[in-house]
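Which chain is which? The protein sequence lines are F and W, in order. If you're matching positions, the first sequence starts at 1 in our numbering and goes up one per residue. If you're matching positions, the second sequence starts at 1 in our numbering and goes up one per residue.
Read the hints as simulated data drawn from the structure, not as lab findings. Beta carbons: idealized from backbone N, C-alpha and C, even for Gly. Only true hints are included.
Keeping only pairs whose Cα atoms sit at most 25 Å apart, straight-line, the calculated BS3-like set for lysine-lysine is:
hint : chain 1 : residue 1 : chain 2 : residue 2
1    : F       : K186      : F       : K32
2    : F       : K98       : F       : K186
3    : F       : K107      : W       : K15
4    : F       : K32       : F       : K98
5    : F       : K221      : F       : K147
6    : F       : K186      : F       : K107
7    : F       : K186      : F       : K31
8    : W       : K15       : F       : K98
9    : F       : K107      : F       : K31
10   : W       : K41       : F       : K221
11   : F       : K147      : W       : K41
12   : F       : K32       : F       : K107
If you want the ones that stay clear, here's a sample from chain W, every Cβ over 10 Å from chain F, calculated:
hint : residue
13   : N40
14   : V43
15   : R67
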Amino acid sequence: MDQATAGHLAVPNVAASDWNGGAQPYRVGDKKLGMWLFIVSDSLTFGALLVGYSYVRAASQTWPTPFPFSPSITFSTVMTLCLLSSSLTMVMAVAAAKRRDLAAARKWIFGTMAGGAAFIILHMMEWNHLIGEGLRPFQLPQEWLQKWPGSSPLFGSTFFAITGLHMFHVFSGLIYLGVIALRIRKVTDEDVEISGLYWHFVDLVWMFVFPLIYLLSVDYKP
Amino acid sequence: MSAHTADHEHVGSTKLFLVVWIALIALTFFEVFLAYLDINKTVMVIVLMGGSIIKAALIMAYFMHLRFERLTLVLTLVPAMVICLSLLAIFFPDSLRLHDLRVFLK
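Bound conformation, chain F alone (with noise of 0.2 Å):
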């Protein structure tokens, strides 16, 4: 093959080499577009839910909105801030990972995991207090029904059943970052990125419940 001839060859068709095997088109490992994929997935998961939950709401003549200043809105805001500031420290991993500093990426990921037990604990607090007050999955209290007739007792498992789902989530998430971080040197950093997609996914979805959930159903009257 003459020099022209080769010099021709080695200008590629960008378009056609991204497309024709042997490349990654989207520029990402095979995990990480398994990851993103996961994650439009569980996103219609939670969106069938939420919709289910707004559709019940709509339908029903009456709705309880039961949740106090304190402590169901501090609470959920506190919350709330816990997952923001874990997506934060989790940032911190990805990028301290990708510059190979093991170390601080390990300290990163348990801010993080810190960040999720928290969020989890108050959650559990929370729970508690309304179990406490005779909320169950197809029952309200007998308070709510008088402060609230006819209301529909399918709040409890709404409630339960989306915040019940996001808590599995956020404690799967804990393991998940427990096992990266105890293997951080075995493991790449394109593997902590990817625990860090679904950690960010769990507060995403979260931005979604606390309004929905919590914001919409304060027990307030102007």
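Chain F is already provided as a structure; the job is to place chain W on it using the hints.
Below, chain W without anything else, positioned relative to chain F:
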């Protein structure tokens, strides 16, 4: 500029992430404040959901690095997700119809 520095700028700086975090916190407090205002419930839902969509977009763009990924990846993931989530809203007119049906039940 070294390759390391260029890569660091490519995925965002600490200052940028701090600004995003502060914006997210500010939006959260705005939403809590809004919940205690005496305004129309429909308006409140629209504003709260608008705030949540902005927060979700900030998290996806900066914390999840989507802003720094290839456009092909963004175009593959985001429109499909948004369309599927929007299609779920097709059920809502039925929830409001149930109120009219109750008139006949009485």
